[in-house]
Amino acid sequence: MRLRRTVLGRRRWRGCARWDPAAEPPSSPTSSATPSAASAILRRSSCWSICRLLTCTDLCYDNDNALCFCLQVAETSGPDKEIVGLIRGCIKTVTCGQKTYRRLATGDGGDKDDAVVELAAPVYTKAGYILGLRVSPCQRRMGIGMKLVRRMEGWFCSNGAEYAYMATDNDNEASLRLFTERCNYKKFRTPAILVQPVFAHRLPLSRRSTVIRLCPAEAETLYRRRFSTTEFFPRDIDAILRNNLSLGTFLAFPADCPAAASWTGVGGFLADPPASWAILSVWDSKSVFHLEVRGAPLLWRSLAWTTRAVDRVLPWLRIPSIPNIFRPFGCYFLYGIGGEGPLSANFLRALCRYAHNLARAGGCGVVATEVAASEPLMAGIPHWRSLSSADVWCIKRLAEDYCDGAVGDWTKSPAGSSLFVDPREV
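195 is the number of the first residue of the sequence shown in my numbering; add one for each residue after it.
Everything labelled a hint here was simulated from the structure, so no lab data went into it. Keep in mind that the hints are not guaranteed to be accurate.
List of simulated lysine-lysine pairs, DSBU-like, C-alpha gap at most 35 Å [said to hold, decoys possible]:
no.: 1; residue 1: K293; residue 2: K380
no.: 2; residue 1: K606; residue 2: K341
no.: 3; residue 1: K275; residue 2: K341
no.: 4; residue 1: K590; residue 2: K275
no.: 5; residue 1: K341; residue 2: K590
no.: 6; residue 1: K381; residue 2: K341
no.: 7; residue 1: K341; residue 2: K380
no.: 8; residue 1: K606; residue 2: K381
Distance ranges between label pairs, derived from CB positions [said to hold, decoys possible]:
no.: 9; residue 1: S568; residue 2: L492; range: 34 to 44 Å
no.: 10; residue 1: S496; residue 2: A455; range: 47 to 57 Å
no.: 11; residue 1: S496; residue 2: G354; range: 53 to 63 Å
no.: 12; residue 1: A584; residue 2: R495; range: 20 to 30 Å
no.: 13; residue 1: S568; residue 2: I406; range: 26 to 36 Å
no.: 14; residue 1: I406; residue 2: N364; range: 32 to 42 Å
no.: 15; residue 1: E594; residue 2: A490; range: 46 to 56 Å
Note that beta-carbon positions come from the ideal geometry of N, C-alpha and C, so glycine has one too.
Based on the provided sequences and hints, a complete structural model is requested.
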């Protein structure tokens, strides 16, 4: 079964990937590097298995955030130039570790107590991310991919990036061989991509939980205070939360806690938090790209059609009908997932149901997210195993000196229990 991406043509070309003004011009005035030509190479080389639903980024993304993007192409020589490969990359500042420091606790009167409080502060680094590498099927095994990667790494270094990393399928052997064997990357993290279909009916929410929407300022405060030490946490989280594609940040907690009766803001909530709570944000990927499942067995198509037909005839049964994912469909991406307390997974499940209802109202076919393989809240994320998959992130250190003494070489650090997936990279 193959998945084909549909690019939304109404978005502007230069918003997605602008040329680096300090670098050599990527093409001559008679170059074939046009939006339509680049889209053509993507169509010829961009098919993924059904398990890779959410790795398709839109070439025509109208990027209005603070990330520094670059796109480079490889084209044939001669009068009739043709694009045979392209690579996209961006640079951002993310958390690569944490350092702890001690502070004496003070009482209400200002006198120092004997208690010592240990606090954690994030350690940031500048990292380059390779969003997509595409080579025409007719031009492979000619070293084009490796040359594109080297050029992108050079752009990363010229802009001060200390690390470069990429993501690919767990079973994409060709990509893994290129990066790990020829480009000296090493396997770093193995997050899980979790996908849940959007059904025709709204999912009921538990009365034991209260879900509220946070404004971007409150969401930024909560994320920085509680999750800034999470690996890959972006320092410009405010730009993400204020992006037009971010549909909101939602907080769930017990219905009988004081915050449910009278919300006094994030400061009051964190000063006296409930025993358990959860948070997530929703990203509108539908406005960026569409997905389509191709090559599915006839049995799968028939089964999906049957569930929809029965649901239309007998809607009161509320059958979880399978959406038509065999035609172009959109999705909402859940990011910034976190929580605290023994029942945080239950409140996260309530948030996922709330996000499902948002996606249903928005006409989406699936809701998806990406979390660490050892994410403690994974039990609270509903998903279909047949649509979900494992991912592989590979990393390479570009700088000769280490970014911080408290972290050292980030490529050798052990995996944490959670990681932050930037929705702008989806």
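Verify the CB-CB distance for A584 and R495 against the hinted window 20 to 30 Å.
26 Å, holds
Below or equal to 35 Å on CA atoms is what counts here, so check K590 against K275.
Holds, because 33 Å separates the two Cα atoms, which is no more than 35 Å.
Against the range 34 to 44 Å, how does the distance between the Cβ atoms of S568 and L492 compare: consistent or not?
38 Å, holds
Has the given pair, K293 with K380, been kept, meaning a C-alpha gap of at most 35 Å?
Satisfied, since the Cα-Cα distance of roughly 24 Å is no more than 35 Å.
Is the Cα-Cα distance between K275 and K341 35 Å or less?
18 Å, holds
For I406 and N364, compare the CB-CB distance with the range 32 to 42 Å and indicate the outcome.
37 Å, holds
Within 35 Å, alpha carbon to alpha carbon, are K341 and K380?
Status holds; Cα separation ~18 Å.
Per the hint of 47 to 57 Å, is the separation of the Cβ atoms of S496 and A455 within bounds?
Roughly 51 Å apart at Cβ, these two residues keep to the hinted range, so it holds.
Could you say whether the range 26 to 36 Å given as a hint is met by the Cβ separation of S568 and I406?
About 29 Å separates the Cβ atoms of S568 and I406, which means 26 to 36 Å holds.
Is the Cα-Cα distance between K606 and K341 35 Å or less?
Holds. K606 to K341 sits at ~26 Å (cutoff 35 Å).
Between K606 and K381, does the CA-CA distance stay at or below 35 Å?
Holds. K606 to K381 sits at ~10 Å (cutoff 35 Å).
Assuming the hint says 53 to 63 Å, is it satisfied by the Cβ distance from S496 to G354 or not?
The hinted range 53 to 63 Å holds for S496 and G354, with Cβ atoms some 55 Å apart.
Checked against the numbered hints given earlier, this structure breaks none of them.
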